[in-house]
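Participant: This is what each chain is made of:
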Amino acid sequence: MALDLKDMADFLKQTPPFDMLDEQRFDYALDHAEAIYVNEHNTQEVLRSGHPLLYVVRSGTFDLNDKNGKHIERLETGDVFGYPALLTGRAITNKIDVLADGILFSWDEATFNYLRRYSDAFERYFMQAQSERLLTEQRSENQAPDWTELDIGSVINRDLISIDSASTIQNAAICMAEHKVSSLLVVDDGQLRGILTDRDIRNRVVAKGMSYEVAVSAVMTQMPEAVYARQSLFDALTVMNQANIHHLPVLDDDDTPVGMITTTDLMKQQRSEPVFLMNALFKAPDRDALVAEAQSIPQYLRTFASRVKDISMVGRLLASLTDGMTRKLIRLYEQSHGSAPVAYAWMAFGSQAREDQTLSSDQDNGLLLADNIKDGQRAYFQDMAEFVCTGLGDCGIRLCPGDVMAMNPKWNKTSLEWREQFKKWIQSPTPDAIMHSMIFFDSRMIAGNTQLYKKHREAVAKLAQRDIFLGNIGRHIGELNVPIGLFNRLRTKSEKGGDYIDIKTQGVAIINDIVRLYALEQGLTMPATPARLQALQGSRLLTKSDNQNLLEAWQFLTQLRLSHQLRLQGDSTEPVNSVDPETLSTLQRRQMKAAFRIIKDAQQGVGFKLGRGM
Amino acid sequence: MIKKWITKHSKSLQGNIIASKGGDRQQQLRGRWQDARYIALDLETDGLDPAVDAILAFGWVPLAPPRIRLFEADYGVVKSEKSLSQSAVIHHLSEGDIRSGEPIERILKRLAEHLDGAVLVAHHAPFDWQFLQQAFNEHQIPCQPLALMDTLKIERNRLARKKDWLEQGELTLGACRDRYDLPTMRQHHALSDAIACAELFLAQAYQVVGSHEVSLRELLRYA
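Listed in order, the protein sequences are those of chains C and E. Start counting the first sequence at 1; every next residue gets the next number (the working numbering). Start counting the second sequence at 1; every next residue gets the next number (the working numbering).
In case anyone wonders, no lab produced these hints; they're calculated from the structure. Do not rely on the hints blindly, as some may be mistaken.
[What the hints assert, rightly or not] Subject to a maximum C-alpha distance of 30 Å in a straight line, what follows is the list of computed DSS-like cross-link-like pairs (lysine-lysine):
1) K79/E - K6/C
2) K82/E - K6/C
3) K153/E - K6/C
4) K454/C - K410/C
5) K544/C - K6/C
Based on the provided sequences and hints, a complete structural model is requested.
Facilitator: Below, the structure written as C-alpha cells:
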C-alpha cells in the first residue's frame, strides 16, 4: 500500500465484505477510494452525477427510498449500498434522504468489478445481499400510506406552546387560555421538563386549594412520555394507549420539543377507527358492554390490515387492544371490590408482551404481588385474576390451553415466590424446564406498580445470566427443525391433506428464541423481538448484518403469517400457522427460502457462541 | 438572510487571498465554491517557529466538494539526519522514519504541482502556510496558493456568533469535528489530520452556505 490511511483501514477491516479481502485486494480498495460528505443540500447532486458507485457509510444516517418514496433501508455506519445498480446495470432510481449528515466512502465500477473478480468471498457477499434486498422490496406497490403510517411531524401544529418551569400556575393558565389549548409543554433551555394539562390545574391546584403563584414545576407531570416527530401516528397511538394519556410531547431527533400531539389530533385524521375502537373499549361502563365492543375486533383488524403496508402493525394493534381490555377489566374489578390491599403488577407474557400477537394467540399472563402480602389478602387477587382472564376470554382472547394465566395460582404470586420459580428453572435447566420457561422471559407490565415490576424484572434478568442455563438454551435451539435442506430446498410436512410449512414454530418462534437467548445473555429486559435486536446492535454476539438479516426475516415471516390468517375465513379448515409454498408467488417463495436460510445460519451461529462445551 | 450577512461583512479585507492574478484564479474566485480546487493539508513540525524549526512530515489530499479524492492523497516524511526533539511526543515519528524519509525538495515539488493556484485548506492555515512559504523559498520552488481556508477560523467565527467566550480546547481539530458528529480519528499524523481537516471543511462549508449559490470569494469571507 502506497499510503498510510490507517483510520480508513481500521474501519474497513471491520466492515463486511471488505473484512474478507486478502491484504493485496484490501490495499487495492484503500488506494481507489473516494470520500463524499453528504448532507441534505447535495444528496441529489451526489447520486445523480453519472456512474453508479459502491458506497459504504462511514458516518451519518440516511434513508434509502425507491423512486416512489417507499422506504427500502435505513443506512448507518458500516452499511453498504449502491450495488444493485452496479450488478444489474440498471439506472439508479433510488433516492437518499439525509437524517444526519455524514461521510460515504465510494468506489467506481472498475474497482468493484476488480474486487469481485479476485475475491470469491466479496463476490458471494454481493450475490447474497442482492437476494436479501428482495426481502424488503416486496411490500405492496403503488399504495397510498394509511393515515396511521404518516409521520407525527406531518400532522402536528409546529407552533410550540410552552412555558418555563419557573412560571407561575396562573401564567400557565393565562397562556393556555390565550392559545385555546388544554395542555402546555414545560421547557427550560430547549429541554423538555414536563407537561401541564388543564386537568392537572383542576386536580392538583384548584381542588387542593393551592396558590396560583406556585411555580409550574410543583404540579406538572415530570419526565412525561414523548415521541419523535419522525415516528408514525401509529406509534403515537400505541404510546398514548399504553400509558393511558391523551397529550404527548413531540421531539425532534436532537430531543428539542417541537409540539404536542393529542388524541383529538388523531381523531381528526380520516378513518381513525383504532382511536374510536380504543375509546369505545375504554369507555365501556361494564363487563358486558366491553365484551360487546370487543366482538368487532377481528372484523376491524381485517380492514385495518388490508389498508396498511406494514402488516406487523396488526400484531402491535392487537396487543395494544388486549392491553386496553386488560386494564379496563382490572379497573372494573377495582371499582366493585375496592382498591388492591398491597402493590401488584399485572404481567403479560409471550406474544402479547412481545407485541406480535395474532388472531390465533391465546392469553398468557400472571400476577406479581408485593412480598408483604398477608394470607387473607390473596383471595382479592385470585378473584381479580378470574374476573380478568374470563373477561378477556369472552372478549375473544381465548384462555390459555397450557394454563399460563393469572387465574392459575401457580402464576399468581409474590416477588419472592416468582424468583424462586425462576431460580428453579435456571439452576436445573432440563429440556422440559427450558421449553416451558421461555415464555416467562418475554414479559411486559400491563397495569399496577411500575417499581415493583421493574425491580422484579431486573432481578430475573440478573438470575438468567448463567452460562449453564444459556448454554442449554443454545443446545435446545440447535435441535429445532428449520425447514430448509440441502440446495436451499424447502422441507414441507403433510398435514390436513396438503404440504405445509409451519411458519410459526419453524420460523418466527425460532427467531424469537435466538434473539431472546442473546437478550438474556446481555441482561436486556424488553420483550419485543425488534426492540431486542435494536438493543443488541453493536453486541459481540451478533454482527451488524446478521442482526439486520434476522430482523428482516422476522418481519417477512410475521407478515406472511398474519396475512395468511387474515385471508382465512371463519369456517376454513386450513391450518392457521402454516402455509403451502405452492400457493405462494415465485418472489414470496424465494423470500421465504432466504428467510429460512438466515434462520439456519443464525441457529448454527448460536451453537458456536453459546451451545458448546457445556 | 445569507446575502445580508455577506454584505455586512464584505467590508472586511480579504486577507486570506494569497495570489489572485490570472484568469484561472479570477474565474475560481467568481465561480461556485464547489468548482474551485482545494488542497487540504497538514504538516508535522518539530517546533512552532518557521524561522528555526523544520517540517518533518507532509500530508495532503485534493478536494472537489463534496468529494475528497482519497486516491490522490499524498504523504511524505522528510529525510533528515537530525535527532528528534521533544516534539516527537506529539507527532509519533521515530528517528527510523526520518532516516528513511524522502528529500524535502521532492515532496515540495509534488505538492507545488497541486497546490499552486488552489485553495489551501488547513486547521490554523496561516501556521502551515508560514512553514510552507519558508520551505518553498529556501528551495526556490515557485508555489502560490490562491487563498487560505482556515477551518479553525471558520469555527471560531461561528462560535463567536453564538457565545461570548471560548474555553480552551474548543477549537482543536478533534473538538471541532465532534461538533459536526464526524467520526473520531487518530491525531497528529499528517495525512490523517489532512483528511480530518478536509471533512471538517466540507461540514462547515455546507452548514454555512446550505443550498445557496455561493462563490469562492464569498465563502472565503468566513475564513
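Participant: Take the hints in turn and mark each one as holding or not.
Facilitator: The hints, checked one at a time:
| no. | hint | result |
| --- | --- | --- |
| 1 | K79/E - K6/C | holds, 22 Å |
| 2 | K82/E - K6/C | holds, 27 Å |
| 3 | K153/E - K6/C | holds, 27 Å |
| 4 | K454/C - K410/C | holds, 21 Å |
| 5 | K544/C - K6/C | holds, 22 Å |
In summary, this structure violates none of the numbered hints.
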